[in-house]
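Novice: Each chain is listed here by its residues.
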Amino acid sequence: MAEPLFRTVDVKDRHGRVTGTKEVALYKGLLAKAHEEGLSSIKTHQLQFATDENARTAISKARVITSKGTFEGIGDASPENVPPHILPHLNRMAETRAKARALRDAVNIGVVSFEELDGASEAAGPSDLGSGASPTNGAAAPTTAAPASPNPPSKGNGYATPMTESQRRYLFRILAGYGIEGDAAHQYLKDKLGVASLAGVSKFEATKLIDRLLKNPPLEVVHGNDHHQ
Amino acid sequence: METITISRVKSYLACPLKYKFEHVDKIPKPWRAAALAFGSSVHAAIEWFHKERIAGRTPSLSAVLSVFNADWYAQNVEPLVFADQDSKESLAEKGRELIRLYVEQVGAKPPIAVETPFEVELHDPVTGEVLDVILRGRFDILEMDNVVVDVKTAARSIDERSIVQHLQLSAYALAFFLLHQHIPKLRLDQLLKTKQPRIERHETARTVEDLAWTAHLIRRVAGSIASGHFHPNPGWICGECEYFAHCQAWRG
Numbered sequence: 001m002a003e004p005l006f007r008t009v010d011v012k013d014r015h016g017r018v019t020g021t022k023e024v025a026l027y028k029g030l031l032a033k034a035h036e037e038g039l040s041s042i043k044t045h046q047l048q049f050a051t052d053e054n055a056r057t058a059i060s061k062a063r064v065i066t067s068k069g070t071f072e073g074i075g076d077a078s079p080e081n082v083p084p085h086i087l088p089h090l091n092r093m094a095e096t097r098a099k100a101r102a103l104r105d106a107v108n109i110g111v112v113s114f115e116e117l118d119g120a121s122e123a124a125g126p127s128d129l130g131s132g133a134s135p136t137n138g139a140a141a142p143t144t145a146a147p148a149s150p151n152p153p154s155k156g157n158g159y160a161t162p163m164t165e166s167q168r169r170y171l172f173r174i175l176a177g178y179g180i181e182g183d184a185a186h187q188y189l190k191d192k193l194g195v196a197s198l199a200g201v202s203k204f205e206a207t208k209l210i211d212r213l214l215k216n217p218p219l220e221v222v223h224g225n226d227h228h229q
Numbered sequence: 001m002e003t004i005t006i007s008r009v010k011s012y013l014a015c016p017l018k019y020k021f022e023h024v025d026k027i028p029k030p031w032r033a034a035a036l037a038f039g040s041s042v043h044a045a046i047e048w049f050h051k052e053r054i055a056g057r058t059p060s061l062s063a064v065l066s067v068f069n070a071d072w073y074a075q076n077v078e079p080l081v082f083a084d085q086d087s088k089e090s091l092a093e094k095g096r097e098l099i100r101l102y103v104e105q106v107g108a109k110p111p112i113a114v115e116t117p118f119e120v121e122l123h124d125p126v127t128g129e130v131l132d133v134i135l136r137g138r139f140d141i142l143e144m145d146n147v148v149v150d151v152k153t154a155a156r157s158i159d160e161r162s163i164v165q166h167l168q169l170s171a172y173a174l175a176f177f178l179l180h181q182h183i184p185k186l187r188l189d190q191l192l193k194t195k196q197p198r199i200e201r202h203e204t205a206r207t208v209e210d211l212a213w214t215a216h217l218i219r220r221v222a223g224s225i226a227s228g229h230f231h232p233n234p235g236w237i238c239g240e241c242e243y244f245a246h247c248q249a250w251r252g
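Respectively, the protein sequence lines represent chains A and B.
Under the numbering used here, the residue at position 202 of the first sequence is numbered 202, and the numbers go up by one with no gaps.
Under the numbering used here, the residue at position 117 of the second sequence is numbered 117, and the numbers go up by one with no gaps.
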């Protein structure tokens with residue numbers, strides 16, 4: 001069966017209200033059409049990896065060669081323009097966006113691709129993310145207004161993916177930097193996250209807490225004045 | 001073009017079927033080996049230590065130990081499977097001793113970078129043949145004078161022949177060569193969790209022919225994965241494999 005080339009997505013305002021719809025291209029459809037038009041090569045090159053020094057902005061360049069010529073696209077991904085569950089995959093999201101842009105030019109599709117949108121998550125599927133990708137339970141609604149809902153999305157969407165081992169370790173290391181260690185750190189996390197066990201914490205909640213702790217020391221530390229680093 | 005990481009190349013070579021269970025089928029591991037978790041915690045502390053030094057700070061030993069303690073605690077929030085001779089407490093003690101030795105013995109100059117990501121399109125460094133594979137990875141530590149260092153915890157000292165064949169170092173050298181057009185010096189820093197923990201530093205080198213061999217090996221592995229060649233590789237290590245039950249049920 002032929003891959004669909006377009007789909008319609010909701011356009012939302014910053015409060016999450018649907019204000020209209022928009023037609024977007026789909027990466028799988030673009031790829032299929034490019035193959036139809038004699039796709040011979042897709043090459044990508046990571047121009048910049050996401051690091052703390054560049055505000056975790058990944059930039060990738062893609063070159064697509066079809067029977068019609070050579071087409072290039074640049075893609076970027078940063079915490080400002082991806083949903084929370086894509087945060088661990090910024091480099092690969094930048095690559096996917098670069099490929100989508102190059103493919104759009106190659107097959108002469110003017111509309112933006114779904115994967116280039118701020119809230120796009122279909123690109124987070126295992127095939128596009130490659131190594132280390134975490135499968136999600138579904139796609140978050142794409143939006144043209146970046147901010148996610150202030151309320152954690154309910155179970156059943158991509159945000160319900162469990163906290164990773166790396167996130168758990170990072171949280172404990174951050175707290176150690178504030179002098180909260182061992183059982184005290186464990187209890188602090190359970191209290192802050194409102195859980196009886198850290199096994200019940202989502203990746204989304206962990207990401208939010210990590211960001212918060214990196215920006216601001218825990219209130220207990222500020223008030224107790226025992227911040228040792 | 002296929003993209004592959006060094007760790008996946010190693011994983012595939014160790015056992016293609018285990019690779020499939022882990023990375024293709026994405027079957028969750030029923031348990032985690034304490035030895036791997038321990039290595040990650042020591043690694044995390046050393047990475048933090050060097051990043052502080054690169055930033056111009058002088059972290060105290062107690063601060064580095066604090067990073068290790070926190071990471072090791074976090075690793076044990078979910079149960080680990082320990083080897084007979086190990087326990088959470090015994091490994092914690094060995095980890096602290098290894099980090100103390102490491103901090104004491106480290107050179108005065110900080111490294112240039114740690115955990116540096118790279119991505120290179122592979123080609124044969126001798127013939128220039130394009131191999132249609134992208135290799136991704138991270139250099140553990142980059143030091144002055146083009147020294148690339150791999151840091152590993154281990155239960156026993158590595159022998160000379162194994163250092164010459166050390167795939168991670170070979171892949172580092174290949175990536176470095178393709179990025180900078182010269183072959184780096186290589187060093188394996190082994191943090192040995194022996195009864196009396198100690199650190200060994202093994203220097204080694206690669207020729208351009210070694211790099212060509214490594215490049216073709218990586219290409220062949222990437223090709224085998226892409227074409228779905230996944231067979232078991234039975235051996236002594238199977239007794240420690242998280243996917244042993246799946247493997248026993250495998251019928252081709």
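Just so you know, these hints were derived from the structure itself, not from any lab.
Glycine included, every Cβ here is placed at the ideal spot set by N, Cα and C.
Treat the hints with caution; some may be incorrect.
[Claimed, not checked] So the derived list for chain B, only partly shown, Cβ under 10 Å to chain A, looks like this:
no. : residue
1   : Ser66
2   : Ala74
3   : Gln75
4   : Pro117
5   : Ala154
[Unchecked claim] Using 27 Å as the maximum straight-line C-alpha spacing, the simulated DSSO-like pairs for lysine-lysine come out as follows:
no. : chain 1 : residue 1 : chain 2 : residue 2
6   : A       : Lys190    : B       : Lys185
7   : A       : Lys215    : A       : Lys192
8   : B       : Lys109    : B       : Lys51
9   : B       : Lys10     : A       : Lys43
10  : B       : Lys29     : B       : Lys88
11  : A       : Lys28     : B       : Lys26
12  : B       : Lys185    : B       : Lys10
13  : A       : Lys215    : B       : Lys51
14  : B       : Lys10     : B       : Lys109
15  : A       : Lys190    : A       : Lys208
16  : B       : Lys88     : A       : Lys190
17  : A       : Lys208    : B       : Lys51
18  : B       : Lys29     : B       : Lys185
Novice: Decide, hint by hint, whether the structure agrees.
Specialist: Now the hints, each set against the structure:
{"no.": "1", "hint": "Ser66", "verdict": "holds, 5 Å"}
{"no.": "2", "hint": "Ala74", "verdict": "holds, 4 Å"}
{"no.": "3", "hint": "Gln75", "verdict": "holds, 7 Å"}
{"no.": "4", "hint": "Pro117", "verdict": "holds, 5 Å"}
{"no.": "5", "hint": "Ala154", "verdict": "violated, 21 Å"}
{"no.": "6", "hint": "A:Lys190 - B:Lys185", "verdict": "violated, 46 Å"}
{"no.": "7", "hint": "A:Lys215 - A:Lys192", "verdict": "holds, 16 Å"}
{"no.": "8", "hint": "B:Lys109 - B:Lys51", "verdict": "holds, 12 Å"}
{"no.": "9", "hint": "B:Lys10 - A:Lys43", "verdict": "holds, 24 Å"}
{"no.": "10", "hint": "B:Lys29 - B:Lys88", "verdict": "holds, 20 Å"}
{"no.": "11", "hint": "A:Lys28 - B:Lys26", "verdict": "holds, 22 Å"}
{"no.": "12", "hint": "B:Lys185 - B:Lys10", "verdict": "holds, 21 Å"}
{"no.": "13", "hint": "A:Lys215 - B:Lys51", "verdict": "holds, 19 Å"}
{"no.": "14", "hint": "B:Lys10 - B:Lys109", "verdict": "violated, 32 Å"}
{"no.": "15", "hint": "A:Lys190 - A:Lys208", "verdict": "holds, 14 Å"}
{"no.": "16", "hint": "B:Lys88 - A:Lys190", "verdict": "holds, 22 Å"}
{"no.": "17", "hint": "A:Lys208 - B:Lys51", "verdict": "holds, 24 Å"}
{"no.": "18", "hint": "B:Lys29 - B:Lys185", "verdict": "violated, 36 Å"}
In summary, the structure is inconsistent with hints 5, 6, 14, 18 from the numbered list given earlier, while agreeing with the others.
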